[in-house]
Structures are given as C-alpha cells and as structure tokens.
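Trainee: Given next are the chains, with one letter for each unit.
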Amino acid sequence: MNWVIRRFLFFILTLFVVITSTFFITSAMPGNIIDTYVSERIREGFSVEEAYRMAQALYAINMSEPLLVRYIKYLKNLLTGNLGTSYMYSGTPVFTILIYAVPWTVFISSISVVISFTLGIIQGLWAAYSRKSKISTLMTGTASFLMAVPNYVIATAFLLVFAYHLGIFPRGGAYDAWIRPGMNLEFVASALYHAVLPVMSYIVATYPGWLLLMRSNTIRVLGEDYVIAAEARGLPKSRITYTYVARNAIIPMITNLAISLGSIFGGATFIETIFTYPGIGMFLSQSVGAKDIPMMQGCFLLITVATITANFIVDLLYGKIDPRIRAIR
Amino acid sequence: MAFLLHFARKNVRVCVGIAIVLTFVLMALIGYFIPNIEGNVSEAYQGPSSRHLLGTDYAGRDILLQIVKGATDVLVISFLIALMTTSIGVIVGLTSGYVGGLIDSILTSIMNIILTIPSMPLLMVIASLIKMVPNPFVIAGILSSIGWAGQARAIRSQVLSIKEEEYIEAARILGLRKIEILFNEVLVALLPYIAMNFILSIISAIYSQVGMYYLGVLPFSSYNWGMMMNIARSHGNALWCPSTVMYLVGPMVCIVLLAQGFTMLLPLIDLLNPRLREE
Amino acid sequence: MGSELKRRKRAVVFAFLLLSLAAFWFPLRAEKTEVVFTGIWPYDPPPAGHWNPYATGYHSRFQPLIYEPLAYFLPANQTWKPWLAERWNFATDMKSLVVYLRRGIKWADGTNFTSADVIATFYCDYVVSYPVWRYKSIYAPDKYTVIFNFTKVWKTAPISILTHVIYPRTLFGNFSDRMQYLLSINATAEEFSKLRASLISYRPPQPIGTGAFIPISITESEAWFQKNPNYWRGADTVHVDKFRWIRQTSDDQRNAWWLTGEIDFGGGMVPIAFLKDFMKRPNITILVSPRPAGLQIYFNTRKYPLSLVEVRQAIAYAINRTEATAASMGTGPYAAGKAITIPALMFQEDIDSERWFSKDFVQKYLNSYNYNISKTVEILQKLGFRKGTDGIWVSPNGTRLEISISAPSGWMDCCLVAESVASQLQKVGIAAVARMVPNVQFFQDEKNGAFDMAVDSFSYSFNYEPATYSKTYVDLTLLNKGIGFNPVVDVPWLGKVNVSQCVYDLDSTVDPKEVNKIYQILAYVTNYYLPTLTICRTYTHNFVNHARFVWPEPGDPFYESYNMMYYSGVAYIISSGNLRPRVAVSPQKPQLPSPPYELYAIIGVLAIIAVAGWIIALKKTTKK
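Chains as they are written, first to last, in the working numbering: chain A, 1 to 329; chain B, 1 to 279; chain C, 1 to 624.
Just so you know, the hints here were simulated from the structure itself, not pulled from any lab data.
Wrong hints could be hidden among the right ones.
[What the hints assert, rightly or not] Rough simulated footprint, nothing fancy, chain B against chain A, three-plus residues with beta-carbon under 8 Å: (1) 17-25; (2) 134-142; (3) 147-153.
Backbone N, C-alpha and C fix where the C-beta goes; we use that ideal spot for every residue, glycine too.
Build the full structure now, drawing on both the sequences and the hints.
Mentor: Shown next, in the form of structure tokens:
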C-alpha cells in the first residue's frame, strides 16, 4: 500500500512537471503566428501593409503579459477545463476542435495498435520458436523490410492499390459526405468502411517493430531453465508456448504497449494527410509550424496525460501480471 | 580456413549479413573522399540512363554518387545516435530495474517526464539556441538526450522480470557481487533484445536526423538520404513520376538493405548467450 | 491463451471484415443527370472552419462561390468588370469614392441587396481593425448609393473598396449597428474590445450570399455546393448544377485525384516533374499564370564584409540567377519561375513596357549583374581581399568570407535556391553554406537581423502599383533591425536621398510624373546598393480539364487573373456563364495514376506474407 501511494505521488509530480515544461517550452519557441501569416500573404502577392492589416484584424493576441502571469492563468484555466482559444482559428476554443478530432483519432489508433500488437507478438512468438525454418526467415525479413520503409510510402501504396486501382475502398474521409453523422447503421457502416485502409496501413507500418522485439524477447525466454524443465516434464507444446514462454515474453512488452497507447492521442499525421482522415495529428503539426500556443498546449496535454496515466496503470498492474514481482512487493 | 568455410556454409544468412554491412562500411569510406558533385541543371530529374544509373536530382547531379557521398554522414551519425541512446538506455534501465526502491521511482519519473515532454518544440527551442553546429557528436547528443527514455523503460521492465529468475537468486546466494550478476547474467540474457533495439534505433535515427536539417542545426545537405527522400517526395513528386522515382527509392533501398544486413547478423548475438547456443 | 480465446478472436476479426463488406452495398452515387464541377483544394473542416469572415479559420476558400465583390478587377489588362456595383466615381483629389449599386439583387434568403449591406460590411471591418480606419465617413444617401470619404489621399482606394466582398446585414447588422453606436457615444477602448471579441466568436450556421452557389454539406473529405436558384444573373446563366470540392490534405492525395481525370480544374505550385508527365494527358491544358510575387535574397548589411556595397555587388556577379532559378523551379515552358534580368525588385514586363522609366534610364543607371566570375575576382581584389591557402577569400583585416544562407524550411523552393547559390559561391572561393530554418523562426530572425543572407519571397502586390519596396526599406530597415540598411543614400542625379521616405511618399503622391521619379530612385537604389538581390519571378500552374467542360480559349484575360490561383477565377467564370458543359457528356473512365508499380507490388506482396504468416502462426500454435 505504501508503495502504491508513493507511486501515485510520483505520478502527480510527473504530470505537474511535464505540464509546466510544456508550457514554457512552447512559449519559448521562436517566432510568432502573425509574422508567419504576413509572410505567407506576401508570398501570394499582397503588399506588406495589406498583410499586416489583415493580420491585425484577424489575430487579437495579447502577448504583453509576463510569462509567469500567463502560466498562472493557464493553470487556473486548466483546473476549470478551459483549454484556451486557438490562434490559428481565432474565436474557436481549443476544446471544441479537440472534441471533434479526438474521437476519430482514438477510433483509428486504438484499433490499429491493438491489432498491430497482437499480430506482432503472435508472429514474433512463432518466428522465434521456429527460427530455423524458412518461413520464419521470410517473415523476419519481411518485418525488417517494412520497418525500414517510411510510413507514407506504405500508406500511399495502400491508397493507390486498393482505393484507386482496385476501387474496393474509398479514397478518403471518415465517412461518406451525404450521410448525417449519428448513431445509425448507415453512418457506422460507412465509418468502418472508411477506416479499413487507414487501419491497414497503420498496422503494416507498425507491426514489424512489435514482431522483431517479441522475437528477441522470446529467444531469451526460450533459453530459460524453466522452459527446458517444462519440456523435460513432457508438457504439451501448446501449454509450454502459452503458459511458459508467451506469458514471460510478453510481460516486458506491456510497457512498450503502454507507451504506444499513450501516443495514440498524438495522432498519426501520415494517415490523416494521405487518407484525408480527421484527427489531431494534422492540427498538432500545423500548430507547431505556426506557433499556435494554445492549440499546441491542448494537444500535448492530451498526449501527456494519456501516456503518463497509461504508464502509471501499467506500473500498478505489473504486480498482477508477473507474480514474481508481486512476491517481492 | 576450413573452419570459416564450414561456418559460412552452415550460416549463410549471417555471411550475407556481414557482406552487406561491409559493403556499407566501404560505401561510407568511399563517400568521405568524393569531392563536390557537379550537375548541369538542364539535366534535372532525368530517369535512369547509362550515364546516370539512378537518374539525376533537381540540380542535375547524379543520384548514385550522392547516395554514396551521403553514406558517411548518415551512417556515422545514425550509429552514434543508436550507440548513445542504447547505452544510456541500458545503463539507466539496468540500474533502475535492478536496484529498485527510491532510485527506481526517481529514475522512472525522469524517464516518464522525458518521454512525454513534446519533443518537436523542445528540439526547436534547442535548435534556436545553439544555431548551426555540424559536429556529429553534438547532433547525436541532442537526439539521444530525448530518445533514451523509451528504451530505458523497456529494459527496466525486462530487468524486473529477469531479476527474479532462479539463476539470479542462485548467483546471489553464491555471493557474487551485484555488478557481476548484472553484467554476466542479466545483461547477457538481455543481449538479443538490446541488439534488436539497437538496429531499430539505427533505422529510426536515419529518419530522425533529417529533422536536424529542417531545424537549422545542420547546414542543408542534398546528400543526406533522408533529405533526398523528402525532396524527392515533395519537389520531385517521386511517388507519381517514373522518371524521379529512383530519387526516392534509391536511398530507401539502401536503408532497407542496411536493416536487412543488420538483422541477418542477429544470430551472432545469440552465440553469446550460452543457453541459446545450439548444436 | 487457450484455443478458445484464439477462436473467439478470429470470430471478432471475421465479423469486422464482414461488417466492412456489408457497407459496400449502400447506394452512393450522385444524380447522373446533373452537371457537377469537381475541384480540389485545401480547406479547414468544421469546427475549425466556419462562416465568419472576421475570424481566422473562415472558409475563405469557399468564399468566391458564395459571396461576391462590388466589382472584379482583371490585372492582366487592368480592366474592371462591374458586378454588385453598377458604376462608381473616384474623385480627382482621390479623397472620396461614390459607388452606385446594382438593383434587383437578392440574397440567398430572399432579402434585397441594398446599401445597408455595404455599410454593415465596412463597419464590421472597423470593429476588428479599430482604431485603425482610413475612412472619414461612410454613409448611404439612398438604398443604392454609398459614399466613402477618406482621411487622406488614397490612390488605391478603388482597388481596396471595389474588390471588397459584401456580407449581408442579416448576419452582421447587429455588430455594425453597435459599432456605430459606440462611435457616436465615444465609448471606452474596453467596449470596443468586447464588441470585437463577440464578433470574432460569432459563428453563423450558414452563410447568406449573393453568389452562384449555396453550400449543402461540408465534411472533412468533401464539400458540396448547389446552384443558387435565385441568383441575380439568372439561374440559367450558370451551367453548373453542383460543385463538388474535394479537400486536399497533402500533395500526394491531390496528385492521386488529379491523375484520375475527375478533377475539372486544379492549380497551385505543381512540381515540375509531375507536370511533365501530367501534361501529356489528353484533355488537359496547362495554364502558366504569372504570380505577382517572386524570390529575393536579403543581405544583412550590418555584418562585415557584407556591409560593403562592393562585396555585395561582387557576390551578385558570382550568382548565376538562371541556374539558381532552374534548380528550384525547373526549366522549359512550364517552369515555375523565371530568373530576373535586372535585379531591382522590378518585373521585366514593367521594365520593357517603360512603365515608369525609359530604356535610356535603364541603360544608364541599372546594372544587370550578368554572371561573371572574373568581375567578382576583380572587385574583391581591388578591395584588398586575398585568397587564403584553403581557397577562401580573406579580407584585409583577416576575416574569412564565410556566409550562411538561410531559407524557410517550409518553402522548399527557397531552400533549393539557397542551396544552389551556396554551391555557386563555394566555387568562387566564398565559404557559403545553405541553412534551413523553421518558418516561424525564419521570419523572426529576418526581423531581428539574425542572418547573413536570407532567401525570401517578395510581393508585387495586387494593387496596380507595386508596393514591393516597403518590406525592404520600411519593414526591415526602419521598423525592425532587419537588414540594417542605412536609408540615406547617394543617388547620382539627386544627391542624398532618404529611400524609406520615398516609400512613404509613394502613398500620397498623385502626379504620375512624380510617381515615376520615385520609382526611378527606388529601382536605382535597389539595383546599385543591393540591400536585396532579386532572383526570380514565380508562376503558378493551373490546369483545365476539357473532358467535361468547354473552357474559354487560352489567352483569355480570365486566365491571367491572379485570382485563378484560388478558385475565385473559376467562380467568376462559372458565375458569368462562360463555362459550359460539353454536349454528350459521357462518364469518363477514370484515368488511373501510374506510380512506381513495382514498389507498391513489393509492399503488397509483403503485406500478404505478413497476414499469411499470422494465419500460419495461429494454426501452428493451436495445432498441438
């Protein structure tokens, strides 16, 4: 119990430190959104004065307050759930944008991470088990190939082959344009249909990592004495594989899974740009590029809280999963 | 000699892997000595031909030459990054997992903090402070200072499991010092995992160093593989034009081969763990 | 993990696949008999995108389809096309403008278009720009006349006022009324701030415009518009029933759409490599429109040895502008940019047409800095520079000639120009490196003078007189540390002149002869003192697809309008009835993209191996 309380205190401390660091780092970034806006208008052909006039009219940002005052205000607003108003979309609260984009991100990313993890560990397990066989070599080779290919190439490949050439799946979007969003079968079916390609490319882009790590882990576990002992005892192969090898090999991967689940909230920009899928990834990268401070802080807050919470839960559950650790605690 | 041949015949894959890695080392050495590549801008974005095996880039320079020339920087920096990240990660992970207690809690919190602090803004702030520093050690240092946390966490959880193995307990009872146990037993058992992580780090380091160019820490280089792929994709539209596709695929194939080469070397690591040695 | 769990898992996956296949069978075609125009361009989907023009995130891309200006201006031949306004009267003292509105125009909600709408629009401008306001007064003596009075001479007033889009009183009347009220009682600054904040956060659910289209639905992948049945020019003059706007999220996705042949109009900065393949397709005509913009390189004249005019000139001789432009913009008739012959922030067309000064002046006073390395060597040697042992020039007081050329990393064309210039300077013995910097940081560095040479855009502005020089001589010289240029310079025919003051004077000078004199000064100073070196003029590529529509002939002034870049030209063509569908529109079979098949085949095969491997793995591990 003592240990749980200590962990919880560290959890709160970590959360506080990261939120504070994020605030100061994002404020310390060079540049400001007005100069960027002005320069983009100049590039299109507006004169300097016109561009500045447009910027002044559009952006009502007050930067004169000292940093510490803004920090205190930010913390106070956080406690009431006010994430501020975006600069890029003046007058639109950050919360509104996130509320719309986050569910789509979580929908795609959570499905992808779960399937990718499952695919990776099952194949990794088996690849390690039969690592002398040809098919295992083939799968490991495939995995290291796909791992080295950039994710946008994979996503574009899926888009072109399945959406354009074969025409099986839609070319983009989260649902068909003429369907009203809501809890009806049409909408859900359309959403699932549009989710197939993004999920598939996400999986193909990420599962190799899981496969290779799991394979290495399993190789280690296969060398353990208790595995040899179990084999000597004549236990059925499947029992050994699951109860002895798989369980022990997966345990360390759960930490990696926790980190992945936390980064779900960061969105996958390559999916969103290539498949025109709504999500925070695009907002996040836009806001970093334009130095839209409230938007950045809102998105990073989500990622931060999700990751740290996921890690915290994993730490707590570790004892449950691995009985040996429980004994010590 | 006979032993080597016997070894080669038994482990074809490992030998192929060694050959691939040696090829890249050679490429890096040759690349260091290639002088500035000239190009005729009227020959820009030509497809593969007899004069230019992989075609030309936006300024008419030969792509194959650029790949070879860029190999040095790419491989050296990636290797450094992977080395730094993995060693820091291993050291911190081992310590945190094995020692436990308050130190574990503190180190884990530090790992969590570094994991969750937004890296892009942090890198932008660091880059705006240090301006242009083309020293590969500094670059590797900047990128590793953020990247080690994920590895450390993973290794820590591994160590937590291994720590309670019987042979560790046996070693402890036998009176072996903690350090000895750490190195001889725990680390050795972790080697396959660390090796795999190292390879993954190299590949991701190749892609992440491109960020250093966009942030202004490194001067613009048209030889960096990642940079070539980015320019190919945006300026050269390589995903769509047959004539410029090699600009994207050339560096990509190199990265893929590098990954394959290293992966094929993995069985060598298994040799170091007495439990896994077979035959 | 027993086999029971395995079976359950497999069942879930199977069900998922079934469900997604089931979605197949839902009908999804639009009406085949309607004429649909398809375009693709980025926009922000709701809730980020909205219908309030006074806040960022406004659907400004869609605006040309829904809202209309008082008049269209075609810069190509400097002509006006009256639209919501019938005619106007610009006073000779350039201090007032009277606009006579067209009668009989109705808003999409049925109300009449009157001068009250114009008043509402301009006063809402005031709400957000307060306290800056160029108008002494704006009032409407009757329902179809508006009188604008300015505080001082405003030469470009017709451009600014007549091309202004008009918004309805129905949506914005409240805000303009309150603004007029606050002005009349001399309210506090805080009241104005509150009004401004409330205007910025206003979110009208639907726009109400006079234009040819009405939005039906806007999602994050597509936006659909239908023809306005009450369009004032007559619904039957508009030959397009529905407008389908695909949202562009990345260049890759856009290219894929373009290559299918379903897009009727496209544009933007298209990479030259793509153009070469794309323009071979039938039915596609590529239009190259000159943009009123280009690329230039700023010098930091504060930093030695760039502080010496001769050194800057020597560098200008060492840069082959044609090559730098070609590296970034491509070559041939469809290049995205053309190198400038005479670097003075002037376009060649205006120099050739003797718009502001004669050819004699050009010959006598302007230098074209043709690529000439020996001149560079000559100038540097005359200054006392010597080449060191490593081949790099060293100044008389021992400083090596080391330069870093900055470029914004988000604009790849600038970066490639920087790289080309750097390698050219290296050949001459100047240690130059190109450096990319994130856009936000680049513009801040530019203002703070934290650069040696910086590649940036310049605008020739949409007004019919370029305000090109204000960024160089006002923004980056007077208002910020910027390039650190001393604005008081020697002009051979005038003696000492304050060039920043000249830029200010441009605003209030009315006599064309005086205006020409100022432009002569500005051109000369830019050309001789080289605070900035003009590199090239940029062009955009648009293409029209003749498969489904009959477009105006090439060379038609519609095409030269800068507006073509943003679909406002398309809106104009459709609204003016100049776009007709091709008779016998047979549904075209989509021409599919032809990407590197082999690469995708390899990836596809490997993905299949992955899934097969999973199935085999599942089988094997559950077998025993």
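Trainee: All hints, please: hold or fail.
Mentor: Verification of the supplied hints:
1. 17-25: Contact hint for the region 17-25 of chain A vs chain B: holds, 5 residues under 8 Å.
2. 134-142: Our answer is that it holds, as 3 residues pass the Cβ test (under 8 Å) against chain B, meeting three.
3. 147-153: holds (count 6)
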